[in-house]
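Engineer: Construct the complete structure from the given sequences, taking the supplied hints into account.
2 protein chains.
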Amino acid sequence: MSERIEKLDSKSPIPLYYQLKSYIEEQIETGVWEAGTQIPSELELSEQFNISRTTIRQAIGDLVNERKLERIQGRGTFVSEISIEKQIERVSGFSQDMRMRGLVPTSDILNFEVVKASPAVAKALKINEGDDAILLKRLRKGNDKRIALEVVYMDYKKYKDFLSVNLANESLYEMLAKKFAVWPKYSQQVIESIKCPAEEAELLGIQKGDPVFYFHTTAFDQYDEPLEYTEGYYRGDRYILHLTNVINPSSQSK
Amino acid sequence: MSERIEKLDSKSPIPLYYQLKSYIEEQIETGVWEAGTQIPSELELSEQFNISRTTIRQAIGDLVNERKLERIQGRGTFVSEISIEKQIERVSGFSQDMRMRGLVPTSDILNFEVVKASPAVAKALKINEGDDAILLKRLRKGNDKRIALEVVYMDYKKYKDFLSVNLANESLYEMLAKKFAVWPKYSQQVIESIKCPAEEAELLGIQKGDPVFYFHTTAFDQYDEPLEYTEGYYRGDRYILHLTNVINPSSQSK
DNA sequence: GATGTCGTGTTGTTACTACAATTATAGTCT
DNA sequence: AGACTATAATTGTAGTAACAACACGACATC
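Protein chains in written order, with my numbering: chain A, 2 to 255; chain B, 2 to 255.
These are calculated hints, taken from the structure and not from any lab test. This one's a predicted model, so the numbers in the text were calculated from it and none came from an experiment. Don't take each hint at face value.
If several chains are the same, the list does not tell them apart, and a pair holds so long as it fits within one copy or across any two.
Claimed, not checked - Computed cross-link-like contacts, BS3-like style, restricted to lysine-lysine with a CA-CA straight-line distance of at most 25 Å:
1) K142 / K196
2) K159 / K209
3) K124 / K69
4) K161 / K180
5) K161 / K69
6) K69 / K127
7) K196 / K161
Structural biologist: Encoded structure:
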């Protein structure tokens, strides 16, 4: 088992460096290469797989960027102690967020209609004030407990077909990817800690004035166009924000 | 002025690719290459600076990683529309945070002593419960307005000399870099939205029960060792959290 | 004991080459 | 006009080569 090496397939349409990258990721994820340990040197890998050092470095460089590996000149390449990656992936909407916390996400749709864009919505979606916008108001639950109240706005011109879909239990992002071939590339959030207004408090089942997170989030698609704008009230007693901040995003080469 | 090209210095100890990277960053930051526009092709840059395409690609690859450029096969390389980078740098402690918001950070030191580590502190700093820990309690202000109450804990064994320094107006991180040659590499935060307790409310000049952000932050140094653990209460009416979440951290090569 | 030197192993930098894959455009054919 | 084709331009992948920079241990020297 040990000297039997899965040779990489140079005839495959998948690039060699990518195959090697997958191999290394597998070694890390299965624990064959434990956190903190040194991986084989570039020369060793080059001989082992019979591919050039250029290709080895490309695979390792990618993984260094993703913070799964760390290179130290003169010493070697090591498996990162802490996988920051997992924490960063937090940001993929409510459904994924809940699943990551081990909760089952569900939603009650309170409102689903076309409205005129308010100034805030228009600005976020880069449309004109008064233009048509899709409004989707949902009470969001984790394991059937009320967690948040979210109102999503989208550009009606772009996503009018969207009104016909059923998304009671489906992730908005998963649906958008399937039906419209768009997906979020990044999102910008503004988060406040406020007293919950009366109307929202009632829907969330808390007292007026109880502390809540108030999110304004604009998600951008792969073309850097606004995808959706969301305002959300998250119960302070049931929702905690976890963040990992990377101070100095190091480059591929250093 | 236009055909006069700053030649890169191959005799400099600074790598060529890094010099080129700096040059490109300068072009972007000064607006010579505007957002969305195509930069010269790799071949053009190679001829212009008389360096190999390998080196060009390394510089561009770094900048693609930092999301300042985007490469599209068959089309070219373009300046990113939105500089996410600026938002990511948010995370460097209160002083830098305030400065980034255009406010002048100051602090009142309320307490600065050695205490026995509580379970939470011990766990965060990876020391034993009851071990000595440095406690630094500060009322933090922006433009002389009270913003937050922060309590920093550090390992006394590692940073005992720290007790003698004066940091009324200096950033903790800047001081640590100068005196101890350590700096934060990343931090993990847990953020809650809670009702402010009575004691903290009084110090912050708000009413008991007003909403505040409650932060627990552990910062790790360049060796992945815990550097400091901070608990902070941030006034909800004066502090807003801005986040940019990158959904799919793409690799250097794609 | 402290310091310096040297050899080995490792990653870092740079150059050269060749071909593949993709995109856009110009041109041709129907 | 529309569909297809060829070509050019551009980035992507892969190889080879050489030397630099750095870390570290072994050993010698002071």
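Engineer: If a hint holds in the structure, say so; if it does not, say that too.
Structural biologist: Comparing the hints with the structure gives:
no.: 1; hint: K142 / K196; result: both (20 Å within a copy, 23 Å between copies)
no.: 2; hint: K159 / K209; result: neither (37 Å within a copy, 47 Å between copies)
no.: 3; hint: K124 / K69; result: between (38 Å within a copy, 24 Å between copies)
no.: 4; hint: K161 / K180; result: within (12 Å within a copy, 60 Å between copies)
no.: 5; hint: K161 / K69; result: neither (41 Å within a copy, 33 Å between copies)
no.: 6; hint: K69 / K127; result: between (37 Å within a copy, 22 Å between copies)
no.: 7; hint: K196 / K161; result: neither (35 Å within a copy, 42 Å between copies)
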